[in-house]
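Residue numbers (numbering that gives the first Met the number 0), protein chains in the order written: chain A, 0 to 388; chain B, 0 to 388.
In short, the hints are calculated from the structure, not lab data. The reader is advised that the hints may include incorrect statements.
Any copy will do: because identical chains look the same in the list, a pair fits if it lies in one copy or spans two.
Calculated lysine-lysine pairs in the DSBU-like style (CA-CA distance at most 35 Å, straight line) [unchecked claim]:
id : residue 1 : residue 2
1  : K374      : K298
2  : K229      : K374
3  : K86       : K27
4  : K382      : K153
5  : K293      : K374
6  : K153      : K293
2 protein chains.
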Amino acid sequence: MENFTFHNPTRIIFGRDTESSVGSEVRKFSARILLHYGQGSAEKSGLLDRVRAALSAAGVTFEELGGVVPNPRLSLVHEGIRLCREKELTFILSVGGGSVIDSAKAIALGVPYDGDVWDFYSSGGRPKDVLPTGVVLTIPAAGSESSPSTVITKTEGALKRGFGSGLLRPRFAILNPELTYSLPPYQTACGAADITAHIMERYFTPTRDVDFTDRLCEATFRSIVYNVPKALDDPNDYSARANIMWAGSVAHNDLLGTGRAGDWASHGIEHEISGIYDVAHGAGLATVFPAWMKFVVSKDVDRFAQFACRVFDVEMHHFNPMETALGGIAALENFYRRIGMPVRLSEMDIDDSRIEEMARKSTQDDAFTLGQFAKLTRDDVSKILKLAL
Amino acid sequence: MENFTFHNPTRIIFGRDTESSVGSEVRKFSARILLHYGQGSAEKSGLLDRVRAALSAAGVTFEELGGVVPNPRLSLVHEGIRLCREKELTFILSVGGGSVIDSAKAIALGVPYDGDVWDFYSSGGRPKDVLPTGVVLTIPAAGSESSPSTVITKTEGALKRGFGSGLLRPRFAILNPELTYSLPPYQTACGAADITAHIMERYFTPTRDVDFTDRLCEATFRSIVYNVPKALDDPNDYSARANIMWAGSVAHNDLLGTGRAGDWASHGIEHEISGIYDVAHGAGLATVFPAWMKFVVSKDVDRFAQFACRVFDVEMHHFNPMETALGGIAALENFYRRIGMPVRLSEMDIDDSRIEEMARKSTQDDAFTLGQFAKLTRDDVSKILKLAL
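Input sequences plus hints: build the corresponding full structure.
Structure (structure tokens):
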């Protein structure tokens, strides 16, 4: 196990009707905020009106900035930064899923920063200060509600890049599973694929002797495998929605990655896919991960066999662990198919025409390798994308 | 699943040599502190000298108060409160295990409080303010390093009582598994028993539909079952010590109890045992829990069967789940025996002479019941203690 620091001060407020407390939660930090949201579902459902009323009742005034799209855009982030500066807003409340939260974090980063906020995404760096943020979550998927990370897309150049800082963890996150009842099945499944990917990026590690966090990862994964089909069968199944929502948050709050190196190559590859093709992040991951697994399985057959046995109850073939390992990958593909996810790029109408471009961009022309479990070159990425076709 | 709020802002600093950062961590909060510790093992090992040097190097001055005993005493807490007030100390650093940390929390509670700090333990209440605390942990067991709770013993009346408040979570906890190499086998095993008890108090719940946290509990328990015998075989096994230490902390940081009622009857009963007989808390729990389980198993055979199958790989007897459930209890007893724990009161030379007294005190003369999974009367507690003989 590696040395680590774990510090997750986000206050999780979980359960039915919890969004009614949003006004008093926000008021602890600010009386003048930006209300940030997406493309209309929170408006249609009435959630936004409830949030507006709760803010007003708590004496919080707000400016609004909606229109965040999946793969959230730098251009809207710039608009949010201008708005916060102009109106002297000191807190950002996101109502939505990972895209809205990531966009809010980018604005929070940009407001006190003198340069272009894209600098952090393109070159890293340590922010001195950020605006505090809070969340009313509507999609369990990205885990951004208590994570330190944000991913933004710059349309010029189709660049999708991430950045992380402990300062960016939201101060509070309100998670009401009932708000996810109205999610369409495809979006529920994309969220599930994203959650499983967050687990696997941590699970497939070169770090040895991480028994405890291995088991936490497996537990979280199994709960997703158990509950997502139930939520698809009955969208108003509170128990299924609640277990998915909490598991989705824990999957990405860093606990599962404590003391172990994460991989994150599949996320890097998927960012190139959704950067160019604007597909849902979760769907992209469901196509990349099985291909990545087939490409790297021989690096550590035991770990893949453990995954197969403990997550999917694949039988252990003691004289042929590779058979078990491959059985686990097949079981993962079956799970994704069962919940309605694509497992091949071709199912999203993506062909091989831009594979080389994606491989080049993901490694910045072979300037660096991707991943820790295996260190992938540009050529490896290209092979994985071909396996995913 | 029940509604919940989860907020654990303790910064965990985990790994080899991490105690060298204690000076700079403390200095973030105070330059004038109380250094609190136990009966000599941290002195003998040289740890206390390293901590003193690190504090001095960071410009932190300190007063010392050692001598905390297992089942920490109110009398020393009073001494600590006096010392902090007199010397105007504004932070308490614990070097030790749960007893030292609990004692420090009690001092932290008492310093800004006008009345006797015992009020909180005897009657509850909401503290307005507490001193901040930090921890260098030497025993993985109590989980007090990031929990909101503290247990103190008042020798007059042999009263052992607990209190909890979010304000009492330490600001940071330094966890270096190497510091646990020198723990005697019995203490390692007592810690393990305490950790498993913290998991079971949350696992055996009347709350339905808590699949995700069930699995987190099982994962944590399995890691203890796997790693503790390894640490007993080879006390310097870093991996085993590290997995136990982190699992022990997570087992009691409240994550495993999110969205579910805990039971805590066995802790209540054990407090009466160690309050009178001054036995190690973990050993007391190892004798109470199997008895409690036998007494309540019929309340929810399915949950006990799930525990048996998922934690101890007991075969599921589909036509006789009780057989499986009882198999799980037997497996737990075997595990405790294997690591050198007593599983009967008689193994600690405790007879039936004070059972009625303990039953009476634990329920305050039948003024209230103990536990949530089953609500135990004074008579029930008496029966459980007899089962444990």
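Right, here's what the structure says about each hint:
1. Taking identical chains as interchangeable, the C-alpha atoms of K374 and K298 lie at most 35 Å apart only when both belong to the same chain, with a minimum of 11 Å there against 53 Å between chains.
2. Taking identical chains as interchangeable, the C-alpha atoms of K229 and K374 lie at most 35 Å apart only when they sit on different chains, with a minimum of 32 Å there against 37 Å within one chain.
3. Taking the shortest alpha-carbon separations for K86 and K27, both the intra-copy value of 19 Å and the inter-copy value of 34 Å come in at or below 35 Å.
4. With identical chains, the CA atoms of K382 and K153 are at most 35 Å apart within one copy only, with a shortest distance of 26 Å there and 69 Å across copies.
5. Within a single copy, K293 and K374 get their C-alpha atoms as close as 15 Å, which meets the 35 Å cut-off; across copies the closest is 52 Å, which misses it.
6. In this homomeric assembly, K153 and K293 come within 35 Å of each other (Cα to Cα) only inside a single copy, at 31 Å, whereas the closest approach across copies is 62 Å.
The structure meets every hint from the earlier list without exception.
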